[in-house]
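Number of protein chains: 2
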Amino acid sequence: MKNYTLISTEDLSEKGRLTMHEQLGLSGAEISFNQLPAGVNVPFIHKHKQNEEIYVILEGSGYLSIDDEVIDIKKGDVFKISPNGERCIKACEENAISFMCIQVKENSLNGFSETDGVILEEKPKF
Amino acid sequence: MKNYTLISTEDLSEKGRLTMHEQLGLSGAEISFNQLPAGVNVPFIHKHKQNEEIYVILEGSGYLSIDDEVIDIKKGDVFKISPNGERCIKACEENAISFMCIQVKENSLNGFSETDGVILEEKPKF
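So the protein lines, in turn, are chains Z and B.
If you're matching positions, the first sequence starts at 1 in our numbering and goes up one per residue.
If you're matching positions, the second sequence starts at 1001 in our numbering and goes up one per residue.
These aren't lab readings, by the way, just hints derived from the structure by calculation.
Do not rely on the hints blindly, as some may be mistaken.
[Stated by the list, open to error] Dumping the calculated SDA-like pairs for lysine to any residue here, alpha-carbon to alpha-carbon at most 20 Å:
no., chain 1, residue 1, chain 2, residue 2
1, B, LYS1090, Z, GLY117
2, B, LYS1125, Z, PRO83
3, Z, LYS49, B, ASP1116
4, Z, LYS125, B, ASN1041
5, Z, LYS2, Z, LEU120
6, B, LYS1074, Z, PRO83
7, Z, LYS90, B, LYS1090
8, Z, LYS123, B, LYS1090
9, B, LYS1075, B, LEU1018
10, B, LYS1125, Z, HIS46
11, Z, LYS75, Z, LEU120
12, Z, LYS74, B, SER1032
13, Z, LYS49, B, SER1108
Quick caveat, the model's predicted, so the values are computed rather than measured.
This is chain Z alone, in the form it adopts within the complex (with noise of 0.2 Å):
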């Protein structure tokens, strides 16, 4: 069986809304691509049981509301929601916003690069 799984998209930022969990057969995360056209926001406040949600703003700028906070977010921002969050996203009145959406179990990483990575003496294939 092989080690990796793919999936080939023309943009990413020009989905309504793509989900990664079945078709790469995802175990240690939920991502979504999401789309909301100019001046639409996602229908509903939500919070989390477990997991923390990381946002990539692909393209164009918004909104988030954040608890009693409201933020100006735009292409290039990155944040992380705690599990009790209440959040909801808002495109602009001038244009649409696409973000990433990464959810992940809150306190389940253990080790990361350098004390979960192991180095091989292989060569590249390339």
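With chain Z's structure known, arrange chain B on it following the hints.
Using the frame of chain Z, we list chain B on its own:
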């Protein structure tokens, strides 16, 4: 204490390497943004002990050396690599490649979206 942390960057695809774990206080993932100049590859092959990695190609094109295969990769591709996969990425001779790498612990996600999210009655503060 606020339920969110945010980093604002001009353009995520133009950083040499930008890591998010410390800056965002991530607890369930490490996320990095990486750029390789044209013709350049990561200087080693690596695998992982516990973590699966999800790569998102943000700009450009190149090659993934994975175990005994070499695969063409380009903007819009998303792929997951299991911990044991022996991997290395290289940019094409013609252009740089920019990609996001998300490290999460394999099999750590319990529920997601409908099974972990809680929809609230409150209205956003927009």
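Check whether the Cα positions of LYS1090 (chain B) and GLY117 (chain Z) lie no farther apart than 20 Å. holds (18 Å)
Is LYS2 (chain Z) within 20 Å of LEU120 (chain Z), Cα to Cα? holds (19 Å)
So if I understand the rule, the pair passes when the alpha-carbon distance is 20 Å or less; does LYS75 (chain Z) with LEU120 (chain Z) pass? At roughly 36 Å apart (the allowed maximum being 20 Å), LEU120 (chain Z) and LYS75 (chain Z) break the hint.
Is the hinted pair LYS125 (chain Z) and ASN1041 (chain B) satisfied, with a Cα-Cα distance of at most 20 Å? Cα-Cα ~11 Å, so holds.
Hey, LYS1075 (chain B) versus LEU1018 (chain B), does the alpha-carbon distance stay inside 20 Å? holds (19 Å)
For the pair we were handed, LYS1074 (chain B) and PRO83 (chain Z), check the Cα-Cα distance against 20 Å. Violated, because 33 Å separates the two Cα atoms, which is more than 20 Å.
If you draw a straight line from the CA of LYS90 (chain Z) to the CA of LYS1090 (chain B), is it 20 Å or shorter? violated (37 Å)
Holds or violated: LYS74 (chain Z) and SER1032 (chain B), Cα atoms, limit 20 Å. OK: LYS74 (chain Z) and SER1032 (chain B) at ~19 Å, within 20 Å.
Does LYS1090 (chain B) lie within 20 Å of LYS123 (chain Z) when you go C-alpha to C-alpha? holds (12 Å)
Hint check: LYS49 (chain Z) vs SER1108 (chain B), CA-CA at most 20 Å. Holds or violated? holds (14 Å)
Within a Cα-Cα threshold of 20 Å, do LYS49 (chain Z) and ASP1116 (chain B) meet the stated pairing? It holds: about 5 Å lies between the C-alpha atoms, which stays within 20 Å.
Regarding the pair LYS1125 (chain B) and PRO83 (chain Z), is the alpha-carbon distance no greater than 20 Å? Holds - the C-alpha atoms of PRO83 (chain Z) and LYS1125 (chain B) are around 19 Å apart, at most 20 Å.
In the structure shown, a violation is registered for the earlier hints numbered 6, 7, 11, in ascending order.
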